[in-house]
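Asks: Spelled out, the chains give:
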Amino acid sequence: MREKILTYIEHNSKIDLSDLAMMLGCDQATVMNELEAMENEHIICGYPTLINWEKASVEKVSALIEVRVTPQRGMGFDKVAERIYNYPEVDAVYLISGSYDFMVSIEGHTLREVADFVSAKLSPLDSVLSTQTNFVLKKYKDHGIIMAEKHVDEREKVSL
Amino acid sequence: MRNPLNQTITEIKPSGIRKFFDIVAEMPEAISLGVGEPDFDTPWKVRDEAIYSLERGRTFYTSNSGLKELRVEIADFLKRHYGLEYNPLTEMLMTVGGSEGIDIALRAMLDPGDEVLIPQPCYVSYEPCTILAGGVPVPIALKEENEFRLKPDELEAAITDKTKILIMPFPNNPTGAVMEKADLEPIVELVKKYDLFVLTDEIYGELTYTGEGHVSIASFPGMKERTIYINGFSKSHAMTGWRLGYVCAPELIIKQMTKIHQFAIMCAPTTSQYAAVTAIRDCDDDVAQMREEYNDRRRYLLNRFKKMGIKCFEPYGAFYIFPSIAEFGMSSEEFCTRLLREKEVAVVPGTAFGDSGEGNVRISYAYSLESLKRAMDRIEEFIEELRKS
Numbered sequence: 000m001r002e003k004i005l006t007y008i009e010h011n012s013k014i015d016l017s018d019l020a021m022m023l024g025c026d027q028a029t030v031m032n033e034l035e036a037m038e039n040e041h042i043i044c045g046y047p048t049l050i051n052w053e054k055a056s057v058e059k060v061s062a063l064i065e066v067r068v069t070p071q072r073g074m075g076f077d078k079v080a081e082r083i084y085n086y087p088e089v090d091a092v093y094l095i096s097g098s099y100d101f102m103v104s105i106e107g108h109t110l111r112e113v114a115d116f117v118s119a120k121l122s123p124l125d126s127v128l129s130t131q132t133n134f135v136l137k138k139y140k141d142h143g144i145i146m147a148e149k150h151v152d153e154r155e156k157v158s159l
Numbered sequence: 000m001r002n003p004l005n006q007t008i009t010e011i012k013p014s015g016i017r018k019f020f021d022i023v024a025e026m027p028e029a030i031s032l033g034v035g036e037p038d039f040d041t042p043w044k045v046r047d048e049a050i051y052s053l054e055r056g057r058t059f060y061t062s063n064s065g066l067k068e069l070r071v072e073i074a075d076f077l078k079r080h081y082g083l084e085y086n087p088l089t090e091m092l093m094t095v096g097g098s099e100g101i102d103i104a105l106r107a108m109l110d111p112g113d114e115v116l117i118p119q120p121c122y123v124s125y126e127p128c129t130i131l132a133g134g135v136p137v138p139i140a141l142k143e144e145n146e147f148r149l150k151p152d153e154l155e156a157a158i159t160d161k162t163k164i165l166i167m168p169f170p171n172n173p174t175g176a177v178m179e180k181a182d183l184e185p186i187v188e189l190v191k192k193y194d195l196f197v198l199t200d201e202i203y204g205e206l207t208y209t210g211e212g213h214v215s216i217a218s219f220p221g222m223k224e225r226t227i228y229i230n231g232f233s234k235s236h237a238m239t240g241w242r243l244g245y246v247c248a249p250e251l252i253i254k255q256m257t258k259i260h261q262f263a264i265m266c267a268p269t270t271s272q273y274a275a276v277t278a279i280r281d282c283d284d285d286v287a288q289m290r291e292e293y294n295d296r297r298r299y300l301l302n303r304f305k306k307m308g309i310k311c312f313e314p315y316g317a318f319y320i321f322p323s324i325a326e327f328g329m330s331s332e333e334f335c336t337r338l339l340r341e342k343e344v345a346v347v348p349g350t351a352f353g354d355s356g357e358g359n360v361r362i363s364y365a366y367s368l369e370s371l372k373r374a375m376d377r378i379e380e381f382i383e384e385l386r387k388s
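Protein chains in written order, with numbering that gives the first Met the number 0: chain A, 0 to 159; chain B, 0 to 388.
Every clue listed holds true.
Heads up, simulated SDA-like pairs for lysine to any residue below, C-alpha to C-alpha not over 20 angstroms straight-line:
{"no.": "1", "chain 1": "A", "residue 1": "Lys-3", "chain 2": "B", "residue 2": "Thr-209"}
{"no.": "2", "chain 1": "A", "residue 1": "Lys-138", "chain 2": "A", "residue 2": "Glu-148"}
{"no.": "3", "chain 1": "A", "residue 1": "Lys-140", "chain 2": "B", "residue 2": "Lys-44"}
{"no.": "4", "chain 1": "B", "residue 1": "Lys-163", "chain 2": "B", "residue 2": "Val-197"}
{"no.": "5", "chain 1": "A", "residue 1": "Lys-140", "chain 2": "B", "residue 2": "Arg-46"}
{"no.": "6", "chain 1": "A", "residue 1": "Lys-156", "chain 2": "B", "residue 2": "Met-26"}
{"no.": "7", "chain 1": "B", "residue 1": "Lys-372", "chain 2": "A", "residue 2": "Ser-17"}
{"no.": "8", "chain 1": "B", "residue 1": "Lys-78", "chain 2": "B", "residue 2": "Arg-225"}
{"no.": "9", "chain 1": "A", "residue 1": "Lys-138", "chain 2": "A", "residue 2": "Val-89"}
{"no.": "10", "chain 1": "A", "residue 1": "Lys-140", "chain 2": "B", "residue 2": "Trp-43"}
{"no.": "11", "chain 1": "A", "residue 1": "Lys-3", "chain 2": "B", "residue 2": "Asp-295"}
No wet-lab data here; the hints were simulated from the structure. Given the structure is predicted, the values throughout are model-derived calculations rather than measurements.
With the hints as constraints, model all of the structure from the sequences given.
Replies: Have a look at this one:
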């Protein structure tokens with residue numbers, strides 16, 4: 000039940016709860032209670048909206064920054080991650096396996112803003128050994144949704 | 000000039016529903032719940048495999064029976080899913096959709112005057128294909144009170160000494176009805192008692208929402224030798240346009256069917272066959288996911304109709320729901336035409352699938368929830384207006 004609710008709202012957090020209840024074969028109150036419980040348990044962490052900023056003609060620059068760090072004694076990577084994710088410019092921070100430690104996704108209004116963040120805030124952090132900034136040139140797909148095109152139903156209207 | 004046409008084909012009446020379709024065609028803005036094909040795209044890995052096969056230049060004919068590799072995979076799939084055991088080399092034929100299988104099976108088996116029992120409502124091709132093969136179609140009118148399942152007394156009443164084939168169109172288009180194991184048992188007994196053959200069209204088999212899952216009539220003891228099993232990729236794998244199906248049957252029947260197929264068709268589309276290897280081998284999860292989504296929509300529609308107070312039995316298969324509109328005192332076609340004109344929603348009159356579909360309409364849930372919701376809101380308005388007037 001929970002997994003199904005989550006699967007539906009992951010793709011559409013605006014889904015009508017009475018519709019969802021009808022699909023799951025339960026009443027609306029049950030769905031609402033589950034949602035509330037999952038919000039309290041921080042299973043549901045938020046309901047953001049996926050926006051194609053380019054189409055909205057709003058200038059946005061995003062970058063994926065590969066960061067190598069020295070973990071801190073006794074606290075591993077978590078303390079370093081915290082120093083990074085507390086910056087509001089930072090969109091996402093992932094600890095990853097491979098040749099570097101963190102993947103940091105950041106979003107700013109201009110190239111300068113992003114570059115300044117890296118050189119003035121991220122790189123000078125004590126634990127940061129090196130950074131490599133990759134600017135995003137085009138977003139094709141995000142959160143399982145293809146940004147470029149809207150799906151059109153091209154089937155015949157009626158068929159037996 | 001002489002009449003250029005064959006008498007049999009000219010006597011087959013075109014689908015009575017043509018008129019209704021023409022109206023739909025004039026209304027491009029109408030919301031449709033009228034299609035008989037999945038809204039999902041074919042899984043990407045299947046499309047990717049097709050592209051790869053084209054890149055590799057695999058654009059030749061395959062053998063008449065179809066790619067051996069594919070038939071071997073299908074045999075494995077049928078065993079895994081339905082407990083059916085077919086020899087992929089001698090008891091299987093790849094066809095151009097399930098529809099070719101229906102056509103050539105009837106042509107390979109019928110002699111003039113042989114009777115074919117056709118439970119209705121059902122898909123529209125069985126009757127004309129029977130006539131074209133020289134047979135005599137004998138409809139069996141299924142009843143809503145039985146949830147449109149075939150009952151043994153209905154079957155027995157229709158059997159004569161000329162009856163040769165029983166068509167089993169389950170899970171059913173348009174009703175969504177299924178035949179569970181307990182429903183099939185007495186049917187199997189009669190088939191054996193009267194020495195009949197069964198042409199079972201299980202194209203919707205993977206889309207079954209009962210606890211026990213789909214049961215094939217071919218899996219009953221002693222039935223394999225009397226069964227022509229039809230399946231394909233159109234509905235289960237969202238591959239309608241690829242035109243790929245298959246038939247499994249006793250070797251002596253497959254042999255004759257292969258002759259017709261060889262002379263009329265040569266082979267099923269090669270690109271589709273290469274793609275289908277991936278579909279049948281690697282897509283169980285994709286199919287399960289589609290089935291789950293269909294099932295959610297099915298429940299959604301059932302609950303909407305329940306709220307509206309519309310009589311509707313619970314369908315456990317395919318992607319159709321078949322509510323009753325008898326309370327409004329008009330024919331199915333009239334109901335659908337008015338719904339289309341007044342609310343711009345297209346659904347299909349039950350009578351498109353046989354006279355016993357009168358009083359019901361077919362609603363397809365091969366649509367996104369948003370489309371279903373929009374259409375159902377309009378249907379609800381329409382129904383409220385009808386009840387008031």
